[in-house]
Amino acid sequence: MATETEVIRGIGHSVRRVEDDRFIRGAGNYIDDIHLPKMLYMAILRSPYAHATLNGIDASAAEALPGVVAVVTGELMAQHNLAWMPTLSNDTQAVLVTDKVRFQGQEVAAVIAEDPYIAKDALELIQVDYEPLEPIVTPQRALEPDAPVIRTDKEDQTGNHIYHWETGDKGATDKAFAEADKVVTLDTFYPRCHPAPLETCGCVADVNPATGQANIYMTSQAPHAVRTVFALVAGLPEEKIRIISPDLGGGFGNKVPVYPGYVIATAASLLIGRPVKWIEERTENLISTGFARDFHMHGELALKADGTMLGLRASLLADEGAFHADAQPSKFKVGLFHIVSGSYDLPAVHVAADGAYTNKAPGGVAYRCSFRVTEASYLIERLVQNAAYELDMDPADLRLKNFIQKEQFPYASATGFVYDSGDYEGAMKLAQEQIGYAELRAEQKAARAEGKLYGIGLASFTEVVGAGPHKDYDILGLKMNDGAELRIHPTGKAILKISVQTQGQGHETTFAQIVAEEIGIQPEDVKVMHGDTDNTPYGLGTYASRSTPVSGAATAMVTRRVREKARKLAAHLLEVSEEDIEFEAGNFSVKGAPDKVKTIQEVAFAAYTDFPDGMEAGLEANYYYDPPNLTFPFGTYAVSVEVDPDTGVWKVRRMVAVDDCGVRINPMIVEGQIHGGLTEGYGIAAMQLITFDESGNCIGSNFMDYLIPTAWETPKFELGETVTPSPHHPIGAKGVGESPTVGSPAAYVNAVIDALQPLGITNIDMPLTSAKVWAAIEAAKAATA
Amino acid sequence: MQIKVNINGTERTADIEDRLLLVHLIREVFELTGTHIGCDTSNCGACTVLIDGSPAKSCTVFGVQADGREVTTVEGLMDGAALNPVQAAFKEEHGLQCGYCTPGMMLVGAALIEENPEPSDDDVRWAISGNICRCTGYMNIVKAIQTAAREKAAAAAAPAAEAANA
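Read top to bottom, the protein sequences are chains A and B. Remember, the working numbering sits 4 above the position in the first sequence when you count from 1. Remember, the working numbering sits 2 above the position in the second sequence when you count from 1.
Here chain A stands alone, though its shape is the one from the complex:
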């Protein structure tokens, strides 16, 4: 054994991931890998129509098929008061249709069978009598006075309008616009896309009819919140519900909501008394579960002639689908969109938003972002670039002129956020340096002279993550605070139990590193447990980049709490007073006598074997963290592209991403998160599109039509970092998983638009397919011919 002190691999170390050991062996435990004795299989019949009255269902032939155990319909669910369930936006959503279908792919009936193939055979034997109604596929049509009402189930709903929401100071903003030399406007549609984790959603519901114990294995990013929702919906006693979220094959927001399939499978297991497994097909995942965006945005930026920004207006129309099911804090109807002033010192901002029902799938989730921050970031970063063109300024210079300055933090924004820390100029300068901005502009000028379309796009995003402080943040009334429990065993090894759920972020490694940093136990000696509501503290789960800001903070704080008891024990062992004990890297020593020392392992052993009179045995604690503020990660992304004028094909030549997420717990994992987010941002900018034809048929219902970037198209990324710690977070970390998806779409689009700017093209809505870019080039040529 080496005797010299081993470096504690805490914060800042690129520790290799503990979870990889099972994944590289094919020994993960994903939802479809769970197999219980006597398990049945469920398949769901979905509506081919977007809007149709349900006249009746004849399931007799399906029920007669050998191997079929039951066919569940809305009528049966209604008998148990389970035909409807609450959504995360406090609306209601049909579990199985009883009156009319409201989107293509909606759940109409479910077959429970002994074999998954038989379950699917039986779906074809179910006869459904539909009477088609006019499908509404745009929110504009939905809000016309003669549009048919989609939510006829809601007594107070006379049209398709859901909410109107405003924030900011309208008077001050109007005044700013009145005083402006220049007003730049942009109308843009952030289209519907889908997170499409590689593993679809599913569950195995196992309700014991004798005891009423319901063990539900489920692809959930938020198992605790789901348990409470299940208790409320089904009237089941909460102590008898155990939600187990096993290894998740990605989530990206898609695995936050409660879907009808989970409820039907649970009801079926309860009624039949056997476990029921339901695993979505890819098409079911794309056409029926949590989508993202579908947001029509109008933005206006008021500036002085010298480029000083004076005010910003945004008016928004959200297409919510058939049920208002956005996953977001109750207080804010369009999430945290009001971060729209972004990185700029904008004194006056006003946001007005409306939401409408349409005959499209519900479940507006924050796809790898913190509640519509992506939309906000896209709007401001696109507006700023267009403003630079109109003022004949360089887009980088216009940004630099208007950035919130380092010394202005904490910065109170016009819409009520208090930005914790930032150095926007620092990130911009580094990005410019890394990509060689000045040289690229010179090269662009030369290329243009040769008729080549080179473009350089920037985006200087500011995110707002880590919801949130209990005063303002809740989902369905549940405050967004998360717990952590830490127990040190007699041999000095530990178990940390957390409320948040990894979907690939590596919590089992990084959270162990936080413990290591705070108490000096090596990360491989800390087992991190999550995803089982019976065995972890309460909390609202992993989304909106809240794991590190909230649960990571809880982990640091609970470890400090344990350390305080350890200090008392060390004082006892070393026979000095507590005040005389110093702690560093796992060693408790006597001030001024550093050779008098006890390691955390020795202290832990004493907690069970040699503790003083009057002290409780054991070395453990719990902590619920209520964040004092949100955190505000930021960065600048710089992209250079070349567009082929003859085909509209565009290629990323270089992509530099400078991120500042505060303190980095595990740099390797942070960089991996950024690579992934930049790729999803590229997918959204270039190809990922869920759209609908006029009949409400979903286009983009499989991976042949819903395009996901492969290794061949995906750009290569060059990363840069600055570190501006969060002043209020115990370890100074801010969260990073979503920054690249939030910031990068605008950077890619700005680059393409920058290439096309000489043709007079100032906007193309995403995704920027080559066909769309080509059409824009042709239209521009025709206009000038």
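Simulated from the structure, these hints should not be mistaken for lab results. Given the structure is predicted, the values throughout are model-derived calculations rather than measurements. Among the hints, a few may not be true.
Label pairs and their calculated CB-CB ranges [stated by the list, open to error]:
| id | chain 1 | residue 1 | chain 2 | residue 2 | range |
| --- | --- | --- | --- | --- | --- |
| 1 | A | His39 | B | Lys6 | 49 to 57 Å |
| 2 | A | Lys449 | B | Ser131 | 30 to 38 Å |
| 3 | B | Asp123 | A | Ala446 | 22 to 30 Å |
| 4 | B | Ser131 | A | Ile703 | 21 to 29 Å |
| 5 | B | Ala83 | A | His39 | 49 to 57 Å |
| 6 | A | Met43 | B | Asp123 | 41 to 49 Å |
| 7 | B | Thr15 | A | Lys655 | 21 to 29 Å |
Idealized CB from N, CA, C, for every residue including glycine.
Chain A is fixed; fit chain B onto it per the hints.
Using the frame of chain A, we list chain B on its own:
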């Protein structure tokens, strides 16, 4: 239909329905759950296995088509207790996050470096272009496969060098 498949070096027989997909044969009958299902349409590659050494998407192959063939899944990558160089490199280079695409990616990588011991960045990207990863952005997967190629070559060279020195 009665079939005989050599799966990961072991002869297995099964009596299966003609329509049973190979991926379900592997997962449900042979109970090897490292092979995943991601899309049902052979676009994503999560279900990739090797059939007679070549990558194939087992969601669009019938089980009966594997009759008399050698099938390698992620569970067959190990050499006893030792990791395949591809497995070790995926961990070392952080080539995985959620782990769902990983078995398919590693099998494609292993097949590639059998044929091409020094794959370029583009060689790897082209080889894995039938496999979707939603988490990593591919850069570290490419790196992992190249690292594995180097490690494999080094391991093959080491005994030869020892023999030469003996």
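Consistency of the hints with the structure:
1. The beta-carbon spacing between His39/A and Lys6/B, approximately 24 Å, falls outside the hinted interval of 49 to 57 Å.
2. Distance hint check for Lys449/A and Ser131/B: the Cβ-Cβ separation is about 35 Å, which falls inside the suggested range of 30 to 38 Å.
3. For Asp123/B paired with Ala446/A, a C-beta distance near 28 Å keeps the hint of 22 to 30 Å intact.
4. Between Ser131/B and Ile703/A the Cβ separation comes to about 24 Å, which falls inside the hinted range of 21 to 29 Å.
5. Separated by about 26 Å at the C-beta atoms, Ala83/B and His39/A break the suggested range of 49 to 57 Å.
6. Between Met43/A and Asp123/B the C-beta distance comes to about 45 Å, which sits within the given range of 41 to 49 Å.
7. For Thr15/B and Lys655/A, the Cβ-Cβ distance of about 51 Å falls outside the hinted range of 21 to 29 Å, so the restraint is violated.
Of the numbered hints listed earlier, those contradicted by the structure are 1, 5, 7.
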